[in-house]
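Participant: One letter stands for each residue in the lines below.
Number of protein chains: 2
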Amino acid sequence: MNRDPFVVVGGDAAGLSAASKFRREQPDRDVVVFEQGQWVSYAHCGLPYFIEGTVDRLTDLLSLSPTDVAERGIDLRRGHEVVSVSPTERTVTVRSEGERFDQPYSELLVATGARATTRSFDATLDGVFTVHGLDSAAAIDAYLAAPGEYDRNRLGDGPVDRGRVDHNAALAPPERAAIVGGGYVGVEMAEALVARGLDVHLFQRSSHLLPPFGEAVAERVAAHLGERGVAVHTDTPVERLVGDGRIEAIAFDDDRLSVEMAVLGVGIEPNAGLLDGTGVDRGPNGALHVDDYGRTSLPAIYAAGDVATSRHTVMGRSTWMPLGLTANRAGRAVGATVAGDPTPVGDVAGTAVVKAFDLECGRVGLVDGDEATDAGFDPVRETITAESRSGYYPGAADTTVTLVADRGSRRVLGGTIVGSDRAAIRIDTLATALDANLRVDELERLDLAYAPPFSPVWDPILVAAKVLNGRLA
Amino acid sequence: MNRDPFVVVGGDAAGLSAASKFRREQPDRDVVVFEQGQWVSYAHCGLPYFIEGTVDRLTDLLSLSPTDVAERGIDLRRGHEVVSVSPTERTVTVRSEGERFDQPYSELLVATGARATTRSFDATLDGVFTVHGLDSAAAIDAYLAAPGEYDRNRLGDGPVDRGRVDHNAALAPPERAAIVGGGYVGVEMAEALVARGLDVHLFQRSSHLLPPFGEAVAERVAAHLGERGVAVHTDTPVERLVGDGRIEAIAFDDDRLSVEMAVLGVGIEPNAGLLDGTGVDRGPNGALHVDDYGRTSLPAIYAAGDVATSRHTVMGRSTWMPLGLTANRAGRAVGATVAGDPTPVGDVAGTAVVKAFDLECGRVGLVDGDEATDAGFDPVRETITAESRSGYYPGAADTTVTLVADRGSRRVLGGTIVGSDRAAIRIDTLATALDANLRVDELERLDLAYAPPFSPVWDPILVAAKVLNGRLA
Chain A
8 MNRDPFVVVG GDAAGLSAAS KFRREQPDRD VVVFEQGQWV SYAHCGLPYF IEGTVDRLTD
68 LLSLSPTDVA ERGIDLRRGH EVVSVSPTER TVTVRSEGER FDQPYSELLV ATGARATTRS
128 FDATLDGVFT VHGLDSAAAI DAYLAAPGEY DRNRLGDGPV DRGRVDHNAA LAPPERAAIV
188 GGGYVGVEMA EALVARGLDV HLFQRSSHLL PPFGEAVAER VAAHLGERGV AVHTDTPVER
248 LVGDGRIEAI AFDDDRLSVE MAVLGVGIEP NAGLLDGTGV DRGPNGALHV DDYGRTSLPA
308 IYAAGDVATS RHTVMGRSTW MPLGLTANRA GRAVGATVAG DPTPVGDVAG TAVVKAFDLE
368 CGRVGLVDGD EATDAGFDPV RETITAESRS GYYPGAADTT VTLVADRGSR RVLGGTIVGS
428 DRAAIRIDTL ATALDANLRV DELERLDLAY APPFSPVWDP ILVAAKVLNG RLA
Chain B
8 MNRDPFVVVG GDAAGLSAAS KFRREQPDRD VVVFEQGQWV SYAHCGLPYF IEGTVDRLTD
68 LLSLSPTDVA ERGIDLRRGH EVVSVSPTER TVTVRSEGER FDQPYSELLV ATGARATTRS
128 FDATLDGVFT VHGLDSAAAI DAYLAAPGEY DRNRLGDGPV DRGRVDHNAA LAPPERAAIV
188 GGGYVGVEMA EALVARGLDV HLFQRSSHLL PPFGEAVAER VAAHLGERGV AVHTDTPVER
248 LVGDGRIEAI AFDDDRLSVE MAVLGVGIEP NAGLLDGTGV DRGPNGALHV DDYGRTSLPA
308 IYAAGDVATS RHTVMGRSTW MPLGLTANRA GRAVGATVAG DPTPVGDVAG TAVVKAFDLE
368 CGRVGLVDGD EATDAGFDPV RETITAESRS GYYPGAADTT VTLVADRGSR RVLGGTIVGS
428 DRAAIRIDTL ATALDANLRV DELERLDLAY APPFSPVWDP ILVAAKVLNG RLA
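Residue numbers (this note's numbering), protein chains in the order written: chain A, 8 to 480; chain B, 8 to 480.
Okay, chain A solo, but in the shape it has when bound:
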């Protein structure tokens, strides 16, 4: 059988998961992966920990080397940009080193990910960074070192942008940094830059850090960041980055703060431009809308990862939630489906966890009351604080759980958790409960683990369920 190859655009989590699974199931068929840049298969979520110094080498963040990819029988072409798609011809047009060529495909997977937005901020100034991609992490790391003192062993032997590193390594190191945006990136970078000895100011335009985690988490995180030396400015939109060539200050609220560094964590957006003009269906934020099997509305074209939508476990509707597991899982499922074994990509519950110094935060499902109301529910919420272990066992720590349920059906809609002792991982109990459509009274009766070193008799999640169920009775 002479079939055109399965073509994948994008060599990160979704793309390489798909290619790997496809080749494992169909070792006689070809798969070609076009990656615009030089890096493939890296752990985006690890970037702050490299900058912090917790991870020794940039290349420690690579999951697969190009050699690993080749050994899987994947035809990986780095430095190849796919510039257009012809769904009718079933070809993509590829540009590389000034050449262009057409590549036919039997099936196409668009796995082009997302990019950090910079809004109207001038991100061309020296000292201004987004945290997206290994080259940005390398640039930040170099910028933090005194001129002539940057240890290039930190970079490992990957295809790093040496010019950008050299440029940043030559500049005087910053003493004070502003972080613009109090989401995941902002909170993780606050921890990282404090660890690197900087005076860190975190600016959030709304009243709460980590908005998807709700008020109870936000308050504990803000207090904890303060204890650890971060100046937290909530309700403070940053208006402008000030500087001439290099950042000198940030302007906000008729005031300004002198800084030598600014990190922008103001959001991301899907890299969905490749299918512009094709009439493809789109979902929230312009992401490529896909069905349960990752199929776009165009024949033989799939999308997976940060560029694609997912179906929400609780709401049932299409949503855009770019997260690591979603990308890996959807990529793998598309690889299986294209190989002939139709496999659902799975719904997303919006499960997310984040570390803020010693605090662990988790969230899942519908946490925001307005969002729950918009989705047709009548949300009731309860927040409790309980101990993480038996009170007499050393290490027991206050764990705050918020639980949201629908008043009429008692169905659990979502929840959050925050605490310093094994708090984050407990969100998986709620994620499983959401997936299974459990009611609050069913949640209350779950037979969860108890042993003094790990959990009290009534796990904090059970306590929250007990109290919320009492209110619903």
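None of these hints come from the bench; they were simulated from the model. Heads up, the beta-carbon is just placed ideally off N, CA and C, and yes, glycines get one too. Some hints here could point you the wrong way.
[Stated by the list, open to error] Chain A is nowhere near these chain B residues, computed Cβ spacing over 12 Å in every case:
#, residue
1, D35
2, Q43
3, T95
4, R97
5, A153
6, R159
7, G250
8, G280
9, T285
10, G383
11, S397
12, T407
13, D442
14, A443
[Claimed, not checked] Partner residues are not named here, just some residues of chain B that face chain A (Cβ under 8 Å, in silico):
#, residue
15, H51
16, G53
17, R336
18, K362
19, D435
20, L453
21, F461
[Said to hold, decoys possible] Per label pair, the in silico range of CB-to-CB distance:
#, chain 1, residue 1, chain 2, residue 2, range
22, A, G383, B, Q45, 48 to 58 Å
23, B, D365, A, V90, 47 to 57 Å
24, A, R169, B, G60, 49 to 59 Å
25, A, G284, B, S416, 43 to 53 Å
26, A, A382, B, A480, 33 to 43 Å
27, B, E226, A, D63, 29 to 39 Å
28, B, D365, A, D158, 55 to 65 Å
29, A, T392, B, R31, 16 to 26 Å
Following the hints, complete the assembly by docking chain B onto the known chain A.
Facilitator: Frame of chain A; chain B shown alone:
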């Protein structure tokens, strides 16, 4: 309305949970709790940690003081033994300080717990202990101290058996201890006695420690105990405790080992004798059989906690699983039911976690293949080892997961986990999945938490589900 009181026999987890909930719902009705001993409401699971020295004072293990109980409006009578029940008269006969009297009840809750068995071992020898009740923990603690050096501040100001403490404190301290039985008590006491500086030998008659946790956990625990200095003797039934007044040796397998201490962890059995002769229905191990609301087969008589059966989440059948959460939850539910709000006691999945030095172990559901087959399933199992965090993040540790599913239906039947990094608490994900009857492919698609400090992209439970589902496909 002149109604007889709600009478509870037993002042520990189940009994006091029931009494507290009942009074909260029915503040105008009376509840009387008869407790044979002097202690009430203590954390049985904390005893090894007191002996270890991790918990400073014996009384730290009390959940409620008699004063707390009184403030809840509960008529608590310590030193009152209920010696018989007349289901037709609706009275119990009580003995206290040589007196006997009859107490009428409107409803009766039997919450008499369980006791440690000693099999045919001579537990009257000095230096031989079971670990059951605060007085046994105090006696062990005193026995470990050199004569004249026992710090009685360790005991707090509770109603401890001072005579027993004094007797043990006067004896020469042991240098070597044998622990008979490799279940929870045995493993936890091995850790405790090593911490107290003893040469510890752990004897298990079967081939695996912690039998309910299956082979994969047993092997890692045995290896780890060995690394921490415990001599583990599996397949070695202890035949006899040797001594004249005081333990001198244990005899096994045509051999003997000189010891100055023996801890018996050879099982427990329900204290169900109170209803002997009433014809009450019984379940496994002679436990009192109860329905979904904790009702025995006798009118107006309930049972809860370690003396009662529970319905198994996976098998649906009556089982006897004496565990802490079960007792608290069932007691509370019976209290609500008797107060007029019928509340199910909840099924048990057999969720259990145990700490063995730095290893954390968890189990839930059907783990043993024969048990699963007996219950009508066709069990398939898979064991994987995966990292607990992203590999590049410090602290990532091998986590071993065993997953058992039914071949035909793909339903998840049970599983185990063992590892050193937040392993135990992850069993709650499986406990929730079992309660919700999830299939392996549904488990594989759960949206679980991912962040480098807490979990890898594919949580070890997802890895196990992925591999097992691949085998079932």
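Participant: Regarding the assertion that A443/B does not contact chain A, is the least Cβ-Cβ distance greater than 12 Å?
Facilitator: violated (3 Å)
Participant: Quick check: does the Cβ-Cβ distance between E226/B and D63/A fall within 29 to 39 Å?
Facilitator: holds (32 Å)
Participant: Lying within 49 to 59 Å: is that true of the beta-carbon distance R169/A to G60/B?
Facilitator: holds (56 Å)
Participant: Looking at G280/B again, its CB stays over 12 Å from all of chain A?
Facilitator: G280/B is indeed farther than 12 Å from all Cβ atoms of chain A, at 26 Å.
Participant: Between G284/A and S416/B, does the beta-carbon spacing fit 43 to 53 Å?
Facilitator: Hint holds: Cβ distance 48 Å, inside 43 to 53 Å.
Participant: Please check whether the beta-carbon of T407/B is more than 12 Å away from every beta-carbon in chain A.
Facilitator: The claim holds: T407/B sits with its nearest Cβ about 17 Å from chain A, beyond 12 Å.
Participant: Take a quick look at R97/B and tell me if its Cβ sits farther than 12 Å from every Cβ on chain A, holds or violated.
Facilitator: Holds, because the least Cβ-Cβ distance between R97/B and chain A comes to about 30 Å, which exceeds 12 Å.
Participant: Checking the smallest CB distance to chain A, is G383/B really beyond 12 Å?
Facilitator: holds (21 Å)
Participant: Just tell me: holds or violated, for the beta carbon distance of D365/B and V90/A against 47 to 57 Å?
Facilitator: holds (54 Å)
Participant: Going by Cβ atoms, does T95/B stay more than 12 Å from chain A at every point?
Facilitator: holds (34 Å)
Participant: Go ahead and decide if the range 55 to 65 Å is satisfied by the Cβ distance of D365/B to D158/A.
Facilitator: Once the Cβ atoms are compared, 33 Å apart, the range 55 to 65 Å for D158/A and D365/B is violated.
Participant: Using the Cβ atoms, figure out if G383/A sits within 48 to 58 Å of Q45/B.
Facilitator: holds (56 Å)
Violated hints, listed in ascending order, are 11, 13, 14, 15 and 28; each of the other numbered hints is respected by the structure.
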